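Sequences listed follow chains A and B, in order. Here the first sequence is numbered in the numbering used here, starting from 3 and rising by one per residue. Here the second sequence is numbered in the numbering used here, starting from 3 and rising by one per residue.
Hint data in this document are derived by calculation from the structure and do not stem from the laboratory. Treat each hint with caution, since some may be false.
To be verified - The calculated label-pair distances, taken between Cβ atoms and stated as ranges, are: (1) B:52 with A:36: 28 to 34 Å; (2) B:22 with A:115: 50 to 56 Å; (3) A:30 with B:16: 41 to 47 Å; (4) B:71 with A:26: 33 to 39 Å; (5) B:73 with A:153: 50 to 56 Å; (6) B:44 with A:57: 49 to 55 Å; (7) B:22 with A:132: 52 to 58 Å; (8) A:114 with B:52: 36 to 42 Å; (9) B:65 with A:113: 40 to 46 Å; (10) B:46 with A:70: 42 to 48 Å.
To be verified - Below 16 Å or equal to it, Euclidean Cα-Cα: the simulated EDC-like pairs (lysine to aspartate or glutamate) are: (11) B:46 with A:96; (12) B:56 with A:129; (13) B:11 with B:22; (14) B:11 with B:71; (15) B:56 with A:94; (16) B:46 with A:94.
Predicted model, so just to flag it, every value in this text is computed and none were measured. We put the CB at the ideal spot given by N, CA and C, even for glycine.
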Amino acid sequence: MTVSGARAMRDSAPRGEGERRDSARRRTKWLIVAALAVVGIVPGFYMGYQDGAAAAQSRAAIWSPTFAAAMAGIYLLAVIGGGLLLSRVTDELERLRSYKAVSFAGAALMLVYPTWFLLWRGGFVPEPVHWMLFVLFWLSLAVATLWYRFR
Amino acid sequence: MVDFEGFVKNRLKVLRAERDWSQAELGGRLGVSRQAVNAIETGKYDPSLPLAFKLSRLFSVPIEEIFDDGVGGPGDAR
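Sequences and hints are given; from them, build the entire structure.
In structure tokens form, the structure reads like this:
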């Protein structure tokens, strides 16, 4: 190991009790986020694969009720359970930023969906697409989160 | 003079430097992130009352010696 490498390791290593607690807190937080990502990505890819395979055969994918209920259960468990776990390692500044980001995403949804619905009823635009609204919410949430975090 | 930005000034950076603590060290002792300590020190975020009391206990100084809203004593708060 080089001298600069050893110095970098020493400088990045926790020095006191507070830094050890801070490292543990960050590690726990990232573990929860990683677990949630896996829970989201694996079923997401599987559902995408099912839909893609069905589309290749020019038919709509039909899910069994058991599969649909299982997916809904996984989603609810991940969002509620993940939220509760994350709230234990979230400090007051992160919580405030989360509130602001969710408010922003909610406002975006409140503006876009009714407008889109009313314009659709007037025959100006196609019917609102539910997954686009869902994606809009998450994109707004991501943008607002990054904005409040790095501005 | 009242700070019209809405944030109070604080001596957190000085108190932390006196103890040779990093922001992460202070954050760990308070149970908040390094970013929260940085935001408080740079005046971008005012801590909650419970966190202000934690800081007061940790540094063994009254809250008024850490934070200053620029208004004055209790009798001046009107």
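Hint-by-hint comparison with the structure:
no., hint, in the structure
1, B:52 with A:36: 28 to 34 Å, "holds (30 Å)"
2, B:22 with A:115: 50 to 56 Å, "holds (54 Å)"
3, A:30 with B:16: 41 to 47 Å, "violated (31 Å)"
4, B:71 with A:26: 33 to 39 Å, "holds (34 Å)"
5, B:73 with A:153: 50 to 56 Å, "violated (28 Å)"
6, B:44 with A:57: 49 to 55 Å, "holds (52 Å)"
7, B:22 with A:132: 52 to 58 Å, "holds (56 Å)"
8, A:114 with B:52: 36 to 42 Å, "holds (38 Å)"
9, B:65 with A:113: 40 to 46 Å, "holds (41 Å)"
10, B:46 with A:70: 42 to 48 Å, "holds (45 Å)"
11, B:46 with A:96, "holds (13 Å)"
12, B:56 with A:129, "violated (54 Å)"
13, B:11 with B:22, "violated (21 Å)"
14, B:11 with B:71, "holds (6 Å)"
15, B:56 with A:94, "holds (13 Å)"
16, B:46 with A:94, "holds (13 Å)"
The earlier numbered hints that this structure contradicts are 3, 5, 12, 13.
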